[in-house]
Amino acid sequence: MSQSVMTPDENLSKNMGRSPAEGHEPKGEGLRGFMSSSRSDYLLLAIFALAILTMPIWLAPIGAGYPDILQKFAIFGIFALGFNILFGFSGYLSFGHAAFLGTGSYAAVWMFKLLSMNAVIALVFAIVVAGVFALLIGYVSLRRSGIYFSILTLAFAQMSYNLAYSVLTPITNGETGLQVSGSDPRILDHMFGSPSGRGVPDFFGIELQGWPGFYFCAILLILAFFVTMRIRNSTFGLMLFAIKSNQNRMNYTGFATRPYLLAAFVISGMYAGLAGGLLAVTDPLAGADRMQWTASGEVVLMTILGGVGTLLGPVIGAAVMKYLEQIFSSFNEGVLHRTFDFLPHGLQEFMVTITSPFVGEGWQLTLGLLFMIVVIFLPGGIMEGVRRISHRFRRGRGETNAAPAHDGH
Amino acid sequence: MRRGDRPRTTRSPAEGSLVGSMDAIILQILNGLDKGGAYALIALGLTLIFGTLGVVNFAHGALFMLGAFCAVAFSRLLTISERVRDESVTFFEAYKEIPYLTLWYGDTGQAIVDWAVPLSILLAIPVMLLIGFAMERGLIRFFYKRSHAEQILVTFGLAIVLQEIVKYFFGANPIPMTAPPALAGSADIGALFGMSNISYPMWRIVYFLFSLAVIALVFAFLQLTTFGMVVRAGMADRETVGLLGINIGRKFTIVFGIAAVVAGLAGVMYTPILAPNYHLGMDFLVLSFVVVVVGGMGSLGGAVIAGFLLGILQSLASMTEIKAIVPGIDQIIIYLVAVVVLLVRPRGLMGRRGVMEA
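These protein sequence lines are chains R and Y, in that order. Here the working numbering is used: position 67 in the first sequence is 69, and no number is missing along the way. Here the working numbering is used: position 77 in the second sequence is 78, and no number is missing along the way.
One chain only, chain R, in its complex shape (with noise of 0.2 Å):
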């Protein structure tokens, strides 16, 4: 795994050095913009974990305060940001990302039943079993681009997913799902007598349960994020960058795109399946309905509604889209009258009977429409909004130049 990884870069320095004044071509702002801001990276990436490892205090006001959603802002966090290593980066969209996420789970769960309930030789095979898996479908996908592409994804997809619920059911245990039991072998643990009897996932002794269990998906988080922030500044995401902008002149110019794109493709599946690990982690139990196409669609959804191809854009979009999910699905018609409690009686039942079918049973009509108000006005998703707003305020009433990120092809 780690050797697709590393062929692309060899490849890279091999072109670079046979072309340089290609490569480092200034291609306008965008390219200097990321060249030269190492140290403002590093503050970015300080902020950054200082802000995930404080969520429990500054999202308590608004309800988020709890480790279980915490969890899930984190872990669905590190899905996006590796999703958006290949769509927001290369531009090649995946609609079948939650393959990976489905595999992560299962082989996740296979290793506390087989070895050891401690997460990390859980994790770590779990991102070795998702890579393995992305190569195998990016090999074959990334022969196509555009809308190709997508379907070829869609397809693999969905193929693991029916599977999972036909033939392979001794490995996935089809609709019930696969769960740990008292009766698993778990030969690590009980060769050095771990006292982990409970089923409980643990980090060297830590059960990986409430607090604990979020502090560790956002310590990993954290990790996912200075990774793909590397990867964006490295030569290797300038090269994903510039396939985005025109593969075409790639191809011409002599570069190899498909190495660069299937690496990316790899690393962004690892990401998916250390996500399905933690997924497997916080609640041992791995369900084929994590593979099914809309769990890809989902992902799709929170990168966009971020910000494609920025940095902090899908973390930021996961852990809105989840908050939604949360409260909106919460919502019912008391808690809608105590909403609404400060208005005459005649104006609350209107308001009541208007915002019913947005909540609770109905949180996912909300979703598309948020989803779609997000792709028609505002592209860039919410980064571009604080952009346009931060710039703004810079220039006072000057003209907003920022142009929406198109991903052209």
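Everything labelled a hint here was simulated from the structure, so no lab data went into it. If a hint is listed, it holds; no wrong ones were tucked in.
Cβ pair distances, simulated, as ranges:
hint: 1; chain 1: Y; residue 1: D87; chain 2: R; residue 2: S183; range: 52 to 62 Å
hint: 2; chain 1: Y; residue 1: R142; chain 2: R; residue 2: T357; range: 22 to 32 Å
hint: 3; chain 1: R; residue 1: D285; chain 2: Y; residue 2: R77; range: 34 to 44 Å
hint: 4; chain 1: R; residue 1: R145; chain 2: Y; residue 2: G250; range: 33 to 43 Å
hint: 5; chain 1: R; residue 1: E351; chain 2: Y; residue 2: I323; range: 54 to 64 Å
hint: 6; chain 1: Y; residue 1: R77; chain 2: R; residue 2: E351; range: 25 to 35 Å
hint: 7; chain 1: R; residue 1: L349; chain 2: Y; residue 2: L213; range: 51 to 61 Å
Chain Y stretches covered by chain R per the calculated footprint, using a threshold of three residues with CB under 8 Å from any CB of chain R:
hint: 8; region: 155 to 167
hint: 9; region: 321 to 332
hint: 10; region: 340 to 352
Think of the CB as a built atom: it goes at the ideal place given N, C-alpha and C, for glycine as much as any other residue.
With the hints as your guide, set chain Y onto chain R.
Below, chain Y alone, put in the same frame as chain R:
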């Protein structure tokens, strides 16, 4: 899928296994035809939209679903009932619901109620046309110039919204619909082929013929009318047609409407085969996209042929004999075919050279 509807062979034990398996194969081919018809109709609309407007419409499955719910709404409308004393029960006060139509018009009314599904075509055509126009004017036309990824995303969002709206009004459970009694039974297909008895649900045959008729209508419209000629010209070269002074935008709105109607009609007639629920569209959408890609982006004929082909392949793969050789093949056959076709022949079976070939 309603289990009771599954076609059966009645085969005497004396017959050889070869004849028996021939029966089974013919039966499976027939079985694939109605599903293939639905795929073909949806894929036809998708291709029409993609070929003319250049838009990848992920909300097309939702249009199919809306069509199905047109049928549901129409039959509910027809069966608005009054509680009437049931005279046949004499021991206690019993009531039964009788549709007003039956009360007012007697047998004619009852016949209308029975034929609700085919009749709802009358409602579905104007409704779907309006929905199509509204979608194109209100949303899609702003996305002509944007990337395919953004088109996919916005129509995906729209699909979610549409299906949630339907869920709000009709609930989350599948709503079973019945075919008219005259067409609800089984037909002895075997006699046509001079084979042994193959009984086959009549409605599935009706659906197949219906889909053929709709496809023929669409093709005739495109090939034989001036409007169709302009649309075909627009598919070939939109810019030039515009330069000739033809308001191609207006034409494309109508094309979108037609595509919506085709998907809607496919949905209306499919309701007796598969009880519609709100996520019906999503289930068909993924498959229809695969069909479009296999047939070749932008090729109408390809979409139709690939639709039937994949429908038949799918039901052939679900034969127990084949499943015994390759377990699970019925689950993945369509996707597998799509992968192979895309890798071997990137522009699909009948795709034009240079259209989305990458």
